[in-house]
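*Asks:* Residue numbers (this note's numbering), protein chains in the order written: chain P, 73 to 260; chain W, 73 to 260.
No lab work stands behind these hints: they were computed from the structure. Where hints are given, some of them may not hold.
It does not matter which identical chain is used: a pair holds within one copy or between any two.
The list that follows gives simulated cross-link-like pairs (lysine to aspartate or glutamate, EDC-like), each with its CA atoms no further than 20 Å apart [as the list claims (entries may be wrong)]:
(1) K111 <-> E241
(2) K207 <-> E225
(3) K191 <-> D145
(4) K207 <-> E135
(5) K191 <-> D175
(6) K165 <-> D145
(7) K260 <-> D212
(8) K169 <-> D212
(9) K191 <-> D212
(10) K161 <-> E241
(11) K185 <-> E241
Protein chains: 2
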Amino acid sequence: MGKVILDMAMSLDGFIAGPNGADVGLHDWYFAPAGQVAKSDAEVVAESINTLGAIILGRRTYELGEQQDGFVDNPHTATHFVLTHEAPKRVAKGNTKFVFVTDGIESALEQAKTAARGKDVAVGGSANNAQQYLKAGLLDAIQIHLAPILIGEGIRLFDHLGATHIELESTRVITSPRVTHLLYRIIK
Amino acid sequence: MGKVILDMAMSLDGFIAGPNGADVGLHDWYFAPAGQVAKSDAEVVAESINTLGAIILGRRTYELGEQQDGFVDNPHTATHFVLTHEAPKRVAKGNTKFVFVTDGIESALEQAKTAARGKDVAVGGSANNAQQYLKAGLLDAIQIHLAPILIGEGIRLFDHLGATHIELESTRVITSPRVTHLLYRIIK
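Could you put the whole structure together from the sequences, leaning on the hints where they help?
*Replies:* Dropping the structure here:
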């Protein structure tokens with residue numbers, strides 16, 4: 073049975089995006105030109121491409137990706153489940169397969185697990201989705217790609233959780249000049 | 073010339089203490105019984121004992137330390153400069169040398185640098201002091217001892233900074249089951 077992994081890039085001060093959802097360089101390690109990607113970063117990306125059977129993302133993240141490159145060069149061939157209130161009329165042109173889910177996080181996860189056929193499911197942006205999955209206890213692991221930057225303001229990943237006490241087990245740390253990849257198992 | 077290092081333990085979700093300043097296990101790696109300290113954690117502690125010539129802390133952190141063990145077993149022999157509005161009438165009993173500074177962060181840093189005689193100066197709790205030193209551009213490095221736990225509410229380390237853009241260079245990552253020690257140089 074595959075795992076459900078929250079997978080997000082975050083600044084050292086806890087933000088996944090700037091004040092208006094702006095990308096502030098947190099994904100530079102991921103989008104670096106081919107020759108400039110650190111070996112360890114490339115391995116982390118390759119691992120997720122190989123092990124993920126489905127990806128859940130928010131509508132805003134989908135829109136951003138569509139604006140940036142239309143998912144044309146998306147190396148992830150696993151089906152993307154987009155949590156949204158309403159499916160868009162036009163869908164991004166690239167080869168990525170999108171399924172729009174309008175009936176909530178549990179439905180999205182159920183569909184993603186079916187599509188994944190035993191492989192892992194990643195939960196990516198938005199922060200709001202991440203918080204919902206975390207609160208609902210639906211995650212098995214958390215992978216944070218910690219960027220060496222402080223931005224001071226923006227959208228926090230770990231916010232609106234209320235008082236909680238979730239113990240984690242650090243299962244792997246991989247570091248490169250651009251990012252530190254922190255992998256945790258959620259102790260249930 | 074020694075460096076000025078912000079040195080704090082933080083939960084993965086960015087808190088240095090619980091809602092009422094409560095310790096929520098972020099320092100377990102530091103206070104673990106002698107036989108149970110991971111070798112890498114012990115080395116990080118030994119390094120700071122060897123390289124620090126002065127330590128700056130807040131009044132609350134001082135009070136907490138006094139309540140816990142009165143700094144009796146404090147392995148740090150470097151002088152502790154306590155930022156406060158008013159010096160206390162009684163001082164903690166242990167062997168630690170305390171200097172109470174009532175005229176602000178710059179004065180405390182100047183006194184600490186003099187006392188350090190070329191060794192490093194650590195800025196520890198409170199979060200408020202940390203933020204002031206960060207905003208004033210007085211830090212050279214940041215060491216975060218990242219604890220594998222989410223607590224949801226409490227005192228955030230990186231808060232009230234306003235929109236900023238401070239680039240860091242990851243200079244070292246050391247990990248153990250209890251904590252991941254992240255060392256960054258602030259790029260100026």
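*Asks:* Next, verify each hint and record whether it holds.
*Replies:* Tested hints:
{"no.": "1", "hint": "K111 <-> E241", "in the structure": "between (25 Å within a copy, 18 Å between copies)"}
{"no.": "2", "hint": "K207 <-> E225", "in the structure": "between (23 Å within a copy, 14 Å between copies)"}
{"no.": "3", "hint": "K191 <-> D145", "in the structure": "neither (22 Å within a copy, 50 Å between copies)"}
{"no.": "4", "hint": "K207 <-> E135", "in the structure": "neither (25 Å within a copy, 34 Å between copies)"}
{"no.": "5", "hint": "K191 <-> D175", "in the structure": "neither (23 Å within a copy, 59 Å between copies)"}
{"no.": "6", "hint": "K165 <-> D145", "in the structure": "within (11 Å within a copy, 64 Å between copies)"}
{"no.": "7", "hint": "K260 <-> D212", "in the structure": "within (8 Å within a copy, 39 Å between copies)"}
{"no.": "8", "hint": "K169 <-> D212", "in the structure": "neither (25 Å within a copy, 47 Å between copies)"}
{"no.": "9", "hint": "K191 <-> D212", "in the structure": "within (13 Å within a copy, 44 Å between copies)"}
{"no.": "10", "hint": "K161 <-> E241", "in the structure": "neither (43 Å within a copy, 44 Å between copies)"}
{"no.": "11", "hint": "K185 <-> E241", "in the structure": "neither (24 Å within a copy, 38 Å between copies)"}
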